[in-house]
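Given chain U's structure and the hints, the job is docking chain B onto it.
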Amino acid sequence: MSEGLYERARFRTAGDRGLLVEYGDAIDPVINRKVRAMAIALGKEPPEGVLEVIPTYRSLLILYDPLLTTSSRLEKDLLALEERLPEIQIPPPEIVEIPVCYGGEYGPDLESVAQSHGLSPEEVIRIHSEPTYQVYMIGFTPGFPFLGRLPEVLHTPRHKTPRTRVPAGSVGIANDQTGIYPIESPGGWQLIGRTPLKIFDPQRPNPFLLKAGDLVKFKPITPDEYRRLAEGDGD
Amino acid sequence: MEIFRVLEPGIYTTVQDRGRYGYQQFGIPISGAMDQFAYRVANLLVGNPEDAAVLEITVFGPRLEVLAEADIAVTGAEMPITINDEATEGWTSLRVRPGDVVAFKQVRSGCRAYLAVTGGIDVPVVMGSRSTYVGGKLGGYQGRPLAKGDLLARGPAEPLKAPHKLPPNFIPRYPSEILLRAIPGPQDDYFDEGLRIFFGSEFKVSTKADRMGYRLEGPVVPHREGMPQSIISEPSVPGGVQIPPDGQPIILLLEQTVGGYTKIATVISTDISRVAQAKPGDKIRFEEVDLETAYGILRAQEQALQKIRETFAG
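Sequence lines, in order, name chains U and B. Counting in my numbering, the first sequence runs from 1 upward without gaps. Counting in my numbering, the second sequence runs from 1001 upward without gaps.
Extracted from the complex, chain U is given alone in its bound form (with noise of 0.2 Å):
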C-alpha cells in the first residue's frame, strides 16, 4: 500500500523562504499520516524562523524567515524531529461528518456520472458516501479540501469546460478524488450534490471546517433537511 514511502525524507529547495520536504512519492494514507504526523511535530515544537508549516499530499511546504534561519540548519532540525517523532503525542485525527443531499438541484451531474459509469444515482449516492475519506490538502480556494480515496468506479474526468460559476459546497469528483467547494468560484469537477453547512466562513473564529490530516464523512440528507440545516446555518 506503502511502497511510495521514502526511508528518509528528501529535501528540496523553494527559494529563499522555502523549504519542501518529501515522504513520498504518491498519493498514499500512509505517507500522508507521516506528512500530518511531521507537521503536527513541528507545530508543537516550531524550531527558530519557521513561519507557516504548509501539509500536502505527500510533502510539508516550510516556510522561513531567512533573517532567522537558514535552510541547511532546518534541515537539520527537521531530521532531528523525525527521529523523535515516536515520542511525540500525535492525537487521532478529528473525523468530520458533512451532510450532503445529492442529486437533483444540488447535484446537477448526479445522473450523467451514474450513467458513465452503468450505476443507479442511488448506487453513486452510497458508493460516494460509504467511506471515510482523508483530508490529503487544503488549497485552490479558501478551505477546499481534496479528498481520497475516491472509489474507483465512480473515477470521473473534469468537465472539458469548467463551469464559470460553482455554488459555495458543492460537491464534486475529479478523477480519482473528491471534494468540496467553500466558495462560489469556477470549477471543472463533476457536481454530484451540496452540502448546506459552510466549509469557509471568515466571520467564524475558526473559519475553517476542515484542516489537512482530517477524516470526512458523507451522510446523504433529503432536500428538506437541506433547507432546515441552511437555514439553522447562517449565525
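Please keep in mind that the hints were generated in silico from the structure rather than gathered at the bench. Don't be surprised by glycine CBs; every beta carbon is placed ideally from N, CA and C. You can trust all of the hints, since none of them are fake.
Pairs of lysine to aspartate or glutamate, EDC-like flavour, derived with a Cα cap of 16 Å:
1) B/1279 - B/1202
2) B/1165 - B/1310
3) B/1137 - U/184
4) B/1148 - B/1065
5) U/217 - U/97
6) B/1137 - U/201
Which chain B residues face chain U? A few, computed with CB under 7 Å, are given here:
7) 1026
8) 1138
9) 1235
10) 1269
Just chain B now, kept in the frame of chain U:
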C-alpha cells in the same frame, strides 16, 4: 477617521499590507503588497509602522478627494502624482488638506505604485491582515478593488513634525529589461537542456500578468526526456516558476496557493519587487544564484532599510 473619497478608482487599486501569513495551509494565499520594498518605504516616509496598510495602484492611478489633513507618500512605479493638478514628487512625504484632489499621471516606468497615509488605511483585519485577496473576496475594502464613491478611513496618528524625503541613491529604477535572480528548484531535476534555455534566454511578459502570476513568452523550455510534466499538487511559494506542458514559464505570485506543474526555479524574495514593476511587453532574463547569494542580497536590502529608518529618525 475618513481620509479619502474615491472619485475615480483607477484600473486596479487595492488595499494591501505585509501579507496574510499562517493561512496558506487553509488555501489562503499570502496576498499583500507585490513590491514589498516600495511598500515599506512608503510607510516609513509618513512615519507609519512598516506593516501598515496602503493602496497598491496598478498602471493607471485613482483620483482621490482628501477628507482630512494628513501626510501621504507615493513610492514604487514612476506615476507622477498631482495635488489639485499641480505636479509633485514621489518618494517624499506630502501634506494634504480637506478638499485637495490627489491624482496620478500616466505611468512612465514600473507598474505598481504605493500610496501610504499617516495612520495607515483602516479596513477590518481579516485573519491577521488588511490585505485584499480578490479571488477569495476577503480582506481589504470589502474584498475587492476600489470603486467610485468608496470612502476610505485611516488609523489614528500624529502628523509628521518635519517632512521626510528618501535620499535619491535609495530610489530603485524600473527598467523595461529586467534581470531576475533565481535559485534552481524545487523540481530542477526534471530539466536538463531546459535549464540552459531558461537561464540563457530572454522572455517577454505577456498580457496575462497579475497578482496571481506572470505568464511569459519565449523559447520553449523543454522537460527532460521521459520526465512527467505534472507532479502531485503541492503548495507554491511566491516567485516559483512553473513550466506547464507548453514550455512557457509562469512566475507564481502572491494570490496563488497550489500548483501541479513542475517548478524549474524560484525567483529570490527580494526580486519579487522587480516582478511587481514589470509590465506586459517588458523583457525578462533569469540569472542563476545559490541560496547563500540570495540570503546575502536579502541582508543587504534589510541594511538599506535600516539606513533609511535612521535617516528619518533624524
